[in-house]
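So the chains spell out like this:
There are 6 protein chains.
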Amino acid sequence: MATLDLASLAAGDRVQHELMVRSREDKTTKNGDPFVVLQLGNATGVISANVWKEDVPTIAGVRAGTVVQVIGSVENYQGRRQLKFTAPPRVVAASAVDIDEFLPRISVSIASLWATVDKWRADMKSKQLRAAVDLFFADDEFRARFERTPGAPRGHHAQIGGLLLHVVEVATIARASAKTMRGDVDLVTAGALLHDIGNVETYGITAAGFEYTQPGYLIQHMVLGSLMLDRKFRALPEGTFTETQELELHHFVQSHHGLLEHGAAVRPMTLEAELLHWADQSSANGNNFVEAMEDSELFPGDEQLSVKKSWRLDRKVWRRSHAWD
Amino acid sequence: MATLDLASLAAGDRVQHELMVRSREDKTTKNGDPFVVLQLGNATGVISANVWKEDVPTIAGVRAGTVVQVIGSVENYQGRRQLKFTAPPRVVAASAVDIDEFLPRISVSIASLWATVDKWRADMKSKQLRAAVDLFFADDEFRARFERTPGAPRGHHAQIGGLLLHVVEVATIARASAKTMRGDVDLVTAGALLHDIGNVETYGITAAGFEYTQPGYLIQHMVLGSLMLDRKFRALPEGTFTETQELELHHFVQSHHGLLEHGAAVRPMTLEAELLHWADQSSANGNNFVEAMEDSELFPGDEQLSVKKSWRLDRKVWRRSHAWD
Amino acid sequence: MATLDLASLAAGDRVQHELMVRSREDKTTKNGDPFVVLQLGNATGVISANVWKEDVPTIAGVRAGTVVQVIGSVENYQGRRQLKFTAPPRVVAASAVDIDEFLPRISVSIASLWATVDKWRADMKSKQLRAAVDLFFADDEFRARFERTPGAPRGHHAQIGGLLLHVVEVATIARASAKTMRGDVDLVTAGALLHDIGNVETYGITAAGFEYTQPGYLIQHMVLGSLMLDRKFRALPEGTFTETQELELHHFVQSHHGLLEHGAAVRPMTLEAELLHWADQSSANGNNFVEAMEDSELFPGDEQLSVKKSWRLDRKVWRRSHAWD
Amino acid sequence: MATLDLASLAAGDRVQHELMVRSREDKTTKNGDPFVVLQLGNATGVISANVWKEDVPTIAGVRAGTVVQVIGSVENYQGRRQLKFTAPPRVVAASAVDIDEFLPRISVSIASLWATVDKWRADMKSKQLRAAVDLFFADDEFRARFERTPGAPRGHHAQIGGLLLHVVEVATIARASAKTMRGDVDLVTAGALLHDIGNVETYGITAAGFEYTQPGYLIQHMVLGSLMLDRKFRALPEGTFTETQELELHHFVQSHHGLLEHGAAVRPMTLEAELLHWADQSSANGNNFVEAMEDSELFPGDEQLSVKKSWRLDRKVWRRSHAWD
Amino acid sequence: MATLDLASLAAGDRVQHELMVRSREDKTTKNGDPFVVLQLGNATGVISANVWKEDVPTIAGVRAGTVVQVIGSVENYQGRRQLKFTAPPRVVAASAVDIDEFLPRISVSIASLWATVDKWRADMKSKQLRAAVDLFFADDEFRARFERTPGAPRGHHAQIGGLLLHVVEVATIARASAKTMRGDVDLVTAGALLHDIGNVETYGITAAGFEYTQPGYLIQHMVLGSLMLDRKFRALPEGTFTETQELELHHFVQSHHGLLEHGAAVRPMTLEAELLHWADQSSANGNNFVEAMEDSELFPGDEQLSVKKSWRLDRKVWRRSHAWD
Amino acid sequence: MATLDLASLAAGDRVQHELMVRSREDKTTKNGDPFVVLQLGNATGVISANVWKEDVPTIAGVRAGTVVQVIGSVENYQGRRQLKFTAPPRVVAASAVDIDEFLPRISVSIASLWATVDKWRADMKSKQLRAAVDLFFADDEFRARFERTPGAPRGHHAQIGGLLLHVVEVATIARASAKTMRGDVDLVTAGALLHDIGNVETYGITAAGFEYTQPGYLIQHMVLGSLMLDRKFRALPEGTFTETQELELHHFVQSHHGLLEHGAAVRPMTLEAELLHWADQSSANGNNFVEAMEDSELFPGDEQLSVKKSWRLDRKVWRRSHAWD
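Chains as they are written, first to last, in my numbering: chain P, 240 to 564; chain A, 240 to 564; chain V, 240 to 564; chain S, 240 to 564; chain L, 240 to 564; chain C, 240 to 564.
One or more of the hints may lead you astray.
Said to hold, decoys possible - With a cut-off of at most 30 Å between alpha-carbon atoms, the simulated DSSO-like pairs for lysine-lysine come out as follows: (1) Lys555(S) <-> Lys548(C); (2) Lys471(V) <-> Lys364(V); (3) Lys292(C) <-> Lys323(A); (4) Lys555(P) <-> Lys555(L); (5) Lys358(L) <-> Lys418(L); (6) Lys266(L) <-> Lys547(L); (7) Lys292(S) <-> Lys292(C); (8) Lys548(V) <-> Lys292(L); (9) Lys418(C) <-> Lys548(A); (10) Lys548(L) <-> Lys418(C); (11) Lys292(A) <-> Lys266(A).
To be clear, the hints were calculated from the coordinates, so they are not data collected in a lab.
Work out the full structure, taking the sequences as your base and the hints as a guide.
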């Protein structure tokens, strides 16, 4: 059964597909009747469904994280699309479910992103930097975790594959910057690939979506990244890297947020660390724009000015109506 | 006579060249004797010279902005190189001087920067954006002013050619960003080329160096840029651009500083304006790093950590001692 | 038919008047029944009306911006006054409507404000400043637009006539400041009259109320003000004003917000620009107090301390209960 | 002997006048010889004098705060005017000195400022507010202290009479604001007159100039003002003012700095307190501009842009070269 | 009748106790039926009760601040416990009610806190500091007010006894700090006991709970504390304290918030005032943590990470699941 | 030879002791004569000495870090004490020097501080926390490094033993806080002992004094502390600590600066981490006060208000002149 494209559903469409329950809220009407609001989603988006009084017992086993077989149709309810079940949703056994199919996922091909990364690795002139990058990026287990990790739990790149996409964007921008500013392209590439490795331990994937792990909120991704680097370094033959070489790689991790108030342990102290910081900003904020332009809460119709502020960008955004001929 | 390379002078070197007086300070020793400190420079840098009591009358006509024929040698004085005149400096007639030869100048070829700009113009698919850019960049008089303007009077790109170099760096980075983030490359290129046009009316070049013009300090470069755009637009046949097309180009000018507290009239409201903003930051701060690494006040010897903070970057900077093999 | 004074309506009053629909929200009760909440207003205020299930079809043609003939009475609903229709509202043809009659309007006479402005113009000793002011204030078309423009789309002076009232307040305060501080009274008057001219292109008036125009959000009112000034200057015989005279007038426009983080392009650099800035603050914030004191959301009863913060002032405000005998 | 106008002295002028020693610095040349730098002043300004090696013993009794009879002439020394003694300065007995004659003093007539204050008092319609103001302003001892107090020890109004001038400026602006904004003119006048009464206990006048008292730095002028008010209130017959009337007067004192970060105990909560705050800002900052325009450190010649930032205003300031005809 | 422990109630429990009405909201269902939401509480907490259509007339006399005799049982309603009346609540005559029994109260014994305070007083070596402290803490009327006052109306220590608990915590921490940092323990104890005395006039206790008094919002607790000190000082024989001794005690009051932006009139200028400031921070923020850990809105179940930010602490908080064996 | 107490030297005293050269500056008088300014110090303080023209050759081998045998006497020079050599200083062989004797050192006994720490360790009820602390504090090599490390290279506790003193102060305050706030005393003690362990790799001791190491500036002390913890944890038998126990100890290290803008990786999320943060502030700022009160640059005489701001505290400080009898 092909994945249902939730973004393109219109009122009247019939639905007979598997969807994951993202959240379930049990409520009571003012008349004292119970009802339930479900959020149902897959890799393409989310849609809600209300279950009224008499049907509530039919969804007793339905919880956040459950995958259900849905039969119903799309309606308009208070100006929004909504699912109306025509038969009780049937719970799919957890053992039969691949959770990733039901989480948001980047639209770019993950394989093509890896191809770009591997091309950069192959092109490196510095054997030491190649070796440093390969501590992680030549490790299939790491690659498997990395490509599943979002760029953030909410906000920019909050999708399966988001971290990989983000890192490719950052490296692309930082490499262009280093070329035009006469920096070391290999070095800034290594910094870009390694700067966010801690995210694989910072964000967890559950049936309910992406969220911070305990290490993620107690010591955050940059400290985790340095611990990961240090454990790899400690396992190498002594002398593989000098002390300051190790420190320079840690410095990319610790300084890439630029300012202490944005979480950096230190401000960037080299040209390459500085360029990495701005490339990181450009990718994160640029991605926020890309998503804001497609956000139907900001642009419910054909507005030019968004009807409210993007919470990610803390401002209204604008869609041009003209073309540039 | 070839330009003297002030950066490579060592104690004991003989000097017999034209230099411009950047500044003259008349002082008095505690014994009541007059002496004068001159700063002398050309396109490659600056060196100082002290003129003591008995020789002060020999430099009566020497003022900031005067070009003088210098005969002397290089000494160490309190740990710094300094010029010692062996004959009184001779004033060169203003009519015989090309001021630009004596001001700091970028080390990159201006012609090659123009070639890059012109290639981007030629590659544009949008005729309208090409037309907008050509309002300025196809105008030889404008190009002549533009290529002489610094990026800033102090700080990043404070050199003849600095604005052109900065704009090429910004456009290079913004184009790479737009490609990887799926933005409009022509549009961001136009934004990059136009964002700082107001600088040609903001910074003046005098014999004493670069400084703000009256329009520069009273209404600053972004307002000046919009006035320049508007005058060009008003002179075009009606309908050349739609009102919102004109506004989008103004918006690049007015939003490129990103935040109101950094002088932006508005925050960026499109992907392309956002990417331009971060590219501008990357070029400006990256250039500050490039110059800090070569600044003998920060690194008087072979230090790894600079001995004081770079005032441009408000932090100490670091020079790695290791190579990446 | 006289304008209905919405502020003085009490429960039980009969209503048979024209009102404009400010907004319409279509909702559904938890029982699945449709109902509609209308906001209806005129120059004196706003009142809401609920239309229940069976009557929803009678208001099919009623949209935000429509003027309707209302027949009904005032009720209390959950502690607030509300209109109850006793007959279906009848849509008035757009061609028969003067939109301004239905928008909030200052309570001060617009004619008396113009009289004050014109007295100041007539009293000016400087012919050049008089000429600068008259570029706009002797132009009937500009005056007509100016007197319809609010001071802001929300917040202080958000009324027809609000900009004119604001400018008269600012000029009054700035003139008193300049007199006591030995500044140039003509100059600060000119600055006060011209500082917000860009607002006529920044705020639009639609049936739904006041809102930002596209130029308003893309480049904001100060840049628009300078473009308006520049176009007038460029149309004058050369030499009418010197370059620095023009710049000084632009400087009032660009600096009146005082600080970059408040949107100023530059900080005030003259006594008169500084005094204008504080007068602008005093008028805007003072007006926020005037309106807060009459705001029934802040003072639903006879409280001394407002029950919540004024969003305009970001603090609670206080109404004294004592008189000063 | 008339007061010497220090501002108008030129090189070559003869001086034979009494001046107060503002400061004395004992220094040593690099040759090990002692010398002394004196700052000498009166109500019109300050001038420095160097006393070299052999003459140092002649000024043994000369200290900060001493008044000396000076005989000498004016010279240029390193681009500044300086006094050169032609005879040893003679110390004037402290008992023969009126310290106020030697401190900076406002150029406006103190009597005319009092006349304005007294006119406002006489015009008050509210007997209670008149009574509140008269607790201080009908008290000759208080008036004598008040008129000697500066507005601040450094910065705006740092002159004998400065506080009185500042309060008249504030009241003038606040009264105009209240009139145009429909506030209570008597009330804002009372607030303006009382808001800074604590300054008479905050700033001390010593021979060395103005400085903070111990109460001034340990609890600052607003707390001192409230203590002064409270002691007067406690001495009145019970019921003279209600509790909230007393509080409203305290509130003017405690809120006039506007924001907590500027030292206010609370933000203004009434229209009149708000208008007082902005009038206070306008007077303080406007006065900084008035003084900056006459400051020879900012404008050593006929510059239009000041050569450095005014430390009071934290920006460069501009003097127009054009007239407005 | 023993106090009902609201915190330990479970669904199904029977209730027959007196509770105070904290608030009453009259609402209307979408069907137009009236209903009422009551918040009922005592010293141990709060619980809500809904009264539906037909029962609304039975609670006609029930208002915020009324104490009612409740008969009913505990139910679960939308995931929260709620009271269901089985008989109409009966209003208890105000004359028969001790309001304090129905307000939140600290769980620590007030008597034991006083014992600690009195031990510190008895241990003081400085008779003057003992005398200063005794101006308030030997006054039974003051003690009675003090022990009823909360530490703040919302947030930390918002309970009867909260101010006393806070002051004991602050003094405990400040005394330990002074001992280890070699400060004056008597002095910092006096500062700790006196720093918040103004709170007894700042927070009022009404039937509806704690709230700011008019003096509290118009001039805040530090100014009130200094007025209280000053009135006591003025009533003493002259010479009891020197002027600077009085000032030092005022300085503790005025500086304990540390920074102007946090409401301090001045920053701490002595070691003891500095240590008091940090002890105050530690007690206030530590108490916020204590309460956050027990807040069922932050931890509705057995979460480790709170489900939302604590508004007091502006961050999420964490409850460890491990023990430290 | 006993250590010379530099603090108690007076003009006229004879000196015949070993001192370390802290810095050497080679200068030239305006007459062109060379002279040298030496800073000489030991554990008790610093004194300067000028060496003039003819004596410069006698100190050819004297550099920063050299220990010299000094023979001379104390003079007053420009109001400061200064050493005058009566014989050329003699260089002591590096092999005969114990550098620590010549660096500033805390006045408290290091042994007594360790006794306190060891008592706390012995008193711990939690074996796991004891084990965690002992990973470092039962390791003699670590203790030897720890007790030599300053609390900071400049500012608070910048002395041999400073880190140990700081940690004892922090633990003392945090323990008192935890006791009164019902926190876990063992846990907060462990946090206090471990929070700054990274400082032993952050600050280096050279002959020239304390300074940042390369790891110190490139990744700072909190990241270094976590790396040290992690390496110890990784070397333990699996299961010694649970993952969240390890994280809680890292969390103390990463959160103790409280706010991101002060360098914290995360804000404190537990009561104990919060209390540790405030105790750290109290010790650091309290120590700054202790040192400010004895700083002769702030109090050159018997002033009550310091003559300038303490750079550590960014404010003037006050010394009471009264006693509290």
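Take a quick look at whether Lys548(L) and Lys418(C) sit within 30 Å of each other, Cα to Cα.
With Cα atoms ~26 Å apart, Lys548(L) and Lys418(C) stay inside 30 Å; holds.
Does Lys292(C) pair with Lys323(A) here, judged by a C-alpha cut-off of 30 Å?
Given pair Lys292(C), Lys323(A) holds - Cα atoms ~22 Å apart, limit 30 Å.
For Lys292(A) and Lys266(A), compute the direct alpha-carbon distance and say whether it is at most 30 Å.
holds (10 Å)
Next pair to validate is Lys471(V) with Lys364(V); report whether the Cα-Cα distance is within 30 Å.
Holds, because 22 Å separates the two Cα atoms, which is no more than 30 Å.
Please verify whether Lys266(L) and Lys547(L) have alpha carbons no more than 30 Å apart.
Cα-Cα ~28 Å, so holds.
Straight-line alpha-carbon gap Lys292(S) to Lys292(C), limit 30 Å
Holds: Lys292(S) and Lys292(C) sit about 21 Å apart, inside 30 Å.
Hinted pair, alpha-carbon criterion (30 Å max): Lys555(S), Lys548(C). Please report holds or violated.
Holds, because 26 Å separates the two Cα atoms, which is no more than 30 Å.
Going straight from one Cα to the other, do Lys548(V) and Lys292(L) come out at no more than 30 Å?
violated (33 Å)
Does Lys418(L) sit within 30 Å of Lys358(L), going by the straight-line distance between their CA atoms?
Answer holds: Lys358(L) to Lys418(L) is near 17 Å, not above 30 Å.
Holds or violated: Lys418(C) and Lys548(A), Cα atoms, limit 30 Å.
violated (44 Å)
Between the alpha carbons of Lys555(P) and Lys555(L), is the straight-line distance 30 Å or under?
Within the cut-off at roughly 28 Å; holds.
Violated hints, in rising order: 8, 9; the structure is consistent with all others.
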